[in-house]
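Undergrad: Starting from the known structure of chain A, fit chains B, C and D onto it as the hints suggest.
The listed protein sequences derive, respectively, from chains A, B, C and D. In the numbering used here, each residue carries its 1-based index in the first sequence increased by 6. In the numbering used here, each residue carries its 1-based index in the second sequence increased by 6. In the numbering used here, each residue carries its 1-based index in the third sequence increased by 6. In the numbering used here, each residue carries its 1-based index in the fourth sequence increased by 6.
Incorrect hints may have been included.
Intra- or inter-copy, both count: the list cannot distinguish identical chains.
To be verified - Lysine to aspartate or glutamate pairs mimicking EDC-like chemistry, simulated, CA-CA at most 20 Å apart: (1) Lys55 to Glu13; (2) Lys80 to Asp41; (3) Lys94 to Asp41; (4) Lys55 to Asp10; (5) Lys94 to Asp36; (6) Lys55 to Glu87; (7) Lys74 to Glu35; (8) Lys37 to Glu87; (9) Lys74 to Glu13; (10) Lys74 to Glu34; (11) Lys74 to Glu23; (12) Lys55 to Glu71; (13) Lys74 to Glu62.
Calculated from the structure, these hints are not laboratory results.
4 protein chains.
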Amino acid sequence: MQSDRRENVLRRLSRIEGQVRGLARMVEEDKHCVDIMIQVAAAKSALNKVGLIVMEGHAHGCLAEAIKRGEGNKAVDALMEVIGQYVK
Amino acid sequence: MQSDRRENVLRRLSRIEGQVRGLARMVEEDKHCVDIMIQVAAAKSALNKVGLIVMEGHAHGCLAEAIKRGEGNKAVDALMEVIGQYVK
Amino acid sequence: MQSDRRENVLRRLSRIEGQVRGLARMVEEDKHCVDIMIQVAAAKSALNKVGLIVMEGHAHGCLAEAIKRGEGNKAVDALMEVIGQYVK
Amino acid sequence: MQSDRRENVLRRLSRIEGQVRGLARMVEEDKHCVDIMIQVAAAKSALNKVGLIVMEGHAHGCLAEAIKRGEGNKAVDALMEVIGQYVK
Numbered sequence: 007m008q009s010d011r012r013e014n015v016l017r018r019l020s021r022i023e024g025q026v027r028g029l030a031r032m033v034e035e036d037k038h039c040v041d042i043m044i045q046v047a048a049a050k051s052a053l054n055k056v057g058l059i060v061m062e063g064h065a066h067g068c069l070a071e072a073i074k075r076g077e078g079n080k081a082v083d084a085l086m087e088v089i090g091q092y093v094k
Numbered sequence: 007m008q009s010d011r012r013e014n015v016l017r018r019l020s021r022i023e024g025q026v027r028g029l030a031r032m033v034e035e036d037k038h039c040v041d042i043m044i045q046v047a048a049a050k051s052a053l054n055k056v057g058l059i060v061m062e063g064h065a066h067g068c069l070a071e072a073i074k075r076g077e078g079n080k081a082v083d084a085l086m087e088v089i090g091q092y093v094k
Numbered sequence: 007m008q009s010d011r012r013e014n015v016l017r018r019l020s021r022i023e024g025q026v027r028g029l030a031r032m033v034e035e036d037k038h039c040v041d042i043m044i045q046v047a048a049a050k051s052a053l054n055k056v057g058l059i060v061m062e063g064h065a066h067g068c069l070a071e072a073i074k075r076g077e078g079n080k081a082v083d084a085l086m087e088v089i090g091q092y093v094k
Numbered sequence: 007m008q009s010d011r012r013e014n015v016l017r018r019l020s021r022i023e024g025q026v027r028g029l030a031r032m033v034e035e036d037k038h039c040v041d042i043m044i045q046v047a048a049a050k051s052a053l054n055k056v057g058l059i060v061m062e063g064h065a066h067g068c069l070a071e072a073i074k075r076g077e078g079n080k081a082v083d084a085l086m087e088v089i090g091q092y093v094k
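Just chain A, with the same shape it has in the complex:
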């Protein structure tokens, strides 16, 4: 991963870690379920974004390299298998 992309991803992960800790606090303090569900959805959406940013870096980087080296087929298959875990 390029260093600015890596910084971006690390910053987001650190924020998500905080969101998950905040969720545990909400549960302990017996907050409204609907509010908890909203925050779970927010954390999930933040994780999705991280997945997309990593995927984008991968497509511009490793995948493009593999295709240029003539090893694109295997790399595309590996990527598609992962994407299948995001698209359900």
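TA: Just chains B, C and D now, with coordinates in the frame of chain A:
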């Protein structure tokens, strides 16, 4: 799209069209909501599969070509934008 | 389902059927994969909306009735099982 | 939330926090993007499960109470709005 992939996609789309028509029939015949929701989820999952098959063909074909021609960046950006509509 | 909700759902399903047929046409006419993927995502999102509308009708109707009759637990479990197919 | 459900949710959140920290480590150690994406998908799926468990507790608890008190409509609308954030 390669012709076997195209046939596969067309067969799936024709089946999905039948699923959607079947859904309308279930609604008209006042079937249980839960059963209708299960069938909606099945049609949605079948559409997802079509999206993944088209994506895979694209990645092996046009995307790989674009990368080899040195126009990979634009092609990757276009693909990532689409993937972002599937990953929410 | 109440009759206005039913009409709404049927109208949406008929539109989705058209979208799916349009997708088959796009594939036959060899349109760009990215455009096909965008239309698949649109149809999928329209199906999701149908699922939510049916779910809402169910929650206001059958589910509420079942809870009032003291049979809420079974009805909630059935609903949650279906929701689990939408939330992956 | 009932206490066994709360314990279950807290245990899961603590595990997810660990997963997110593990993700940051993977990024720092420059692990393969595909492996990172797989772990992001796993954390996302674990969060989804938490969302469903909270939703289920809510439906059996607060929602059922609200319906019995005759305030079901508002409670169902609030729940459906949240579910709409999970089903996209």
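Undergrad: Please flag the earlier hints that this structure goes against, numbers listed from lowest up.
TA: 5, 7, 9, 10, 11, 12
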